[in-house]
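Asks: Line by line, the protein sequences give chains A and B. Under our numbering, the residues of the first sequence are numbered 147 to 454, in order. Under our numbering, the residues of the second sequence are numbered 124 to 400, in order.
Honestly, the hints are just simulated from the structure, not real lab data. Backbone N, C-alpha and C fix where the C-beta goes; we use that ideal spot for every residue, glycine too. Be aware that a few hints might be false.
[Said to hold, decoys possible] With beta-carbon atoms standing in for the labels, derived distance ranges: (1) B:Gln322 x A:Trp187: 34 to 44 angstroms; (2) B:Asp204 x A:Arg383: 17 to 27 angstroms; (3) A:Met373 x B:Ala229: 35 to 45 angstroms; (4) B:Tyr210 x A:Val222: 15 to 25 angstroms; (5) B:Thr312 x A:Glu313: 23 to 33 angstroms; (6) B:Lys257 x A:Glu396: 30 to 40 angstroms; (7) A:Asp190 x B:Glu239: 44 to 54 angstroms; (8) A:Arg383 x B:Val182: 29 to 39 angstroms; (9) A:Val390 x B:Val180: 23 to 33 angstroms.
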Amino acid sequence: MAGKGSIVCGFIAPHPPHLVYGENPPQNIPRSSGGWEVLRWAYDNCREKIKQLKPDVIIVHTPHWMTLVGHHVTRVPRLKGLSVDPIFPHLFRYNFDTAIDVELADAVYEEARAEGLIARKMTNPNFRLDYGTIVTSHMLNPGWDIPILSLSANNSPYYFSLGVGIEEMYKLGRATRRAIEKTGRRAVLAASNTLSHFHFDREPDPNLPEDMSKEHVFSHANYLWDMRVLRLMREGRMDELLSVLPEFIEKTGAEVKSGGLFWMLAAMGFPKVPARVHGYWSVIATGNAVVEWDLSAELNGAGAEAHA
Amino acid sequence: MPEGQIVKGYIMPGMPHVMLPTESASRRELRDACRVAGANVREARPDVLVIFSTQWVSVLGHLVQARANPTGLHVDENWYDLGNLPYDFRTDLELARRTIDLGTAAGFQVRPVDYEGFPVDTGTLVALNFLNPKNEIPVVCVSCNIYSGSDEELKLGQAAADAVRALGRRAVVVASTGLSGHYFTREITDDEDRIVNEQDDVENRKLLDLMAAGKVMDAMDLVPEYAAKTGADMQFKSYYWLMGALGSGRVNSKIVGKVLGYGSIWGSGAAVVEFTA
Numbered sequence: 147m148a149g150k151g152s153i154v155c156g157f158i159a160p161h162p163p164h165l166v167y168g169e170n171p172p173q174n175i176p177r178s179s180g181g182w183e184v185l186r187w188a189y190d191n192c193r194e195k196i197k198q199l200k201p202d203v204i205i206v207h208t209p210h211w212m213t214l215v216g217h218h219v220t221r222v223p224r225l226k227g228l229s230v231d232p233i234f235p236h237l238f239r240y241n242f243d244t245a246i247d248v249e250l251a252d253a254v255y256e257e258a259r260a261e262g263l264i265a266r267k268m269t270n271p272n273f274r275l276d277y278g279t280i281v282t283s284h285m286l287n288p289g290w291d292i293p294i295l296s297l298s299a300n301n302s303p304y305y306f307s308l309g310v311g312i313e314e315m316y317k318l319g320r321a322t323r324r325a326i327e328k329t330g331r332r333a334v335l336a337a338s339n340t341l342s343h344f345h346f347d348r349e350p351d352p353n354l355p356e357d358m359s360k361e362h363v364f365s366h367a368n369y370l371w372d373m374r375v376l377r378l379m380r381e382g383r384m385d386e387l388l389s390v391l392p393e394f395i396e397k398t399g400a401e402v403k404s405g406g407l408f409w410m411l412a413a414m415g416f417p418k419v420p421a422r423v424h425g426y427w428s429v430i431a432t433g434n435a436v437v438e439w440d441l442s443a444e445l446n447g448a449g450a451e452a453h454a
Numbered sequence: 124m125p126e127g128q129i130v131k132g133y134i135m136p137g138m139p140h141v142m143l144p145t146e147s148a149s150r151r152e153l154r155d156a157c158r159v160a161g162a163n164v165r166e167a168r169p170d171v172l173v174i175f176s177t178q179w180v181s182v183l184g185h186l187v188q189a190r191a192n193p194t195g196l197h198v199d200e201n202w203y204d205l206g207n208l209p210y211d212f213r214t215d216l217e218l219a220r221r222t223i224d225l226g227t228a229a230g231f232q233v234r235p236v237d238y239e240g241f242p243v244d245t246g247t248l249v250a251l252n253f254l255n256p257k258n259e260i261p262v263v264c265v266s267c268n269i270y271s272g273s274d275e276e277l278k279l280g281q282a283a284a285d286a287v288r289a290l291g292r293r294a295v296v297v298a299s300t301g302l303s304g305h306y307f308t309r310e311i312t313d314d315e316d317r318i319v320n321e322q323d324d325v326e327n328r329k330l331l332d333l334m335a336a337g338k339v340m341d342a343m344d345l346v347p348e349y350a351a352k353t354g355a356d357m358q359f360k361s362y363y364w365l366m367g368a369l370g371s372g373r374v375n376s377k378i379v380g381k382v383l384g385y386g387s388i389w390g391s392g393a394a395v396v397e398f399t400a
């Protein structure tokens, strides 16, 4: 791969296993009669876009690989296995098999350390990829014909404070960007997280999870918050978005707190291009949006430092 | 059928450092204590181990392992570099189902999981490694709900004990849990390991002293304050479950604790405590 690499696109790519369950791909064992179509159709757009962009790698930041000491990167050439969701095992028992971009993993590791972050390489070939990585990767590229790189979510926003967590994610975003540039990759980024995250404490009907007559957002207040941040994204009002996210997290328990969105925005240089919202719907009451920032037509700016 | 009984209870550490090849004075003490616990369990000849693990986190109510023979290879998501945790154990299905039924009858959401490849957590496997190394004793595994409160855990522990009695089992009940939850957020060498701050150490010892003095109810009363001060592992809610299972608060209940070992694992608190009821 010659030349300077670049981030061609970034997605908010939520990972409820319900989306895979609703689709009935061959990799997933449980069968459904559908469900959550609006979000799945939204992902169809992303799949088409990724096919057009032909990236070298999809990098996923996942909240379901929560690490205590530093930021971890998957660093084995191939990971394969059966992933059974610990929360929704009746929906998600997925046979995954994916190539990992280990050269990029090494580069992200080195650049993260250069930022002063603690970083680790996950080199155990028996490691079971978390379902956040798998669902997001599947929904973006069900053929798994593009290598991925999975980044863990360090516990810092929960253990210390949101501010500490954001600072770390800005550093990790800058590190990721430099690693992409140095390795010459055309990369797609994926922040694997929901928006508002309050959810039902019981499944309305465990025997028919795809009963869409039971699906709704947790509250109107949460819905309004989700719409508020989506409007800011759609209008490219990045500074306002960044300033409102802490309150959004506090009010809605947004999974954004785990860091992926901050990481992705920093890596992309806090783009002011309007984002495209492909779809929004609830999954077991959480607010989920599939959102795209297309950077393929632009040179990446140098905005990361401006906010860090 | 004679009425069953809980013959012993344990607090066991759930971090893999005590069973995988890492070394420090603290971990050595904990490992030795885990081995003593294992010997005592085998001497008690239980029919079943009932394990509540804080590392088996559930969100929608509680889950109970209902697969007859869970097998697989677990890799810890944080400590994957320490090695693999293979497992192959038997579930006491009758007791698992009765535990679910009684927990449900108590008004809680308790569901079975019976799936090939369902992830068994590190804490359960660490406990099994010491208490049931040859997997001769059937097991019932119970999850830790992230949102549950003290009352729910106490009653679910009682439900587990009621199920044991109803089915005539001799059971050992185990809470796989850490103590103080603050830890080193940086890389450390094994020799550097210690409780990460003095207050955590003081609070851990205060709690353990109450248990050792047989003041298990006082310890239970202290848990909310203790958990807030120390960032305790899952708010130390496993202790409510354990006390519920051991019969704390019931008429004539007398529970005595014995601290077999105490120390740090990556800065967090850990202990092996043996209870007899």
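Asks: Okay, which hints does this one fail, numbers in order?
Replies: The structure conflicts with hints 1, 2, 6, 7, although it agrees with all the remaining ones.
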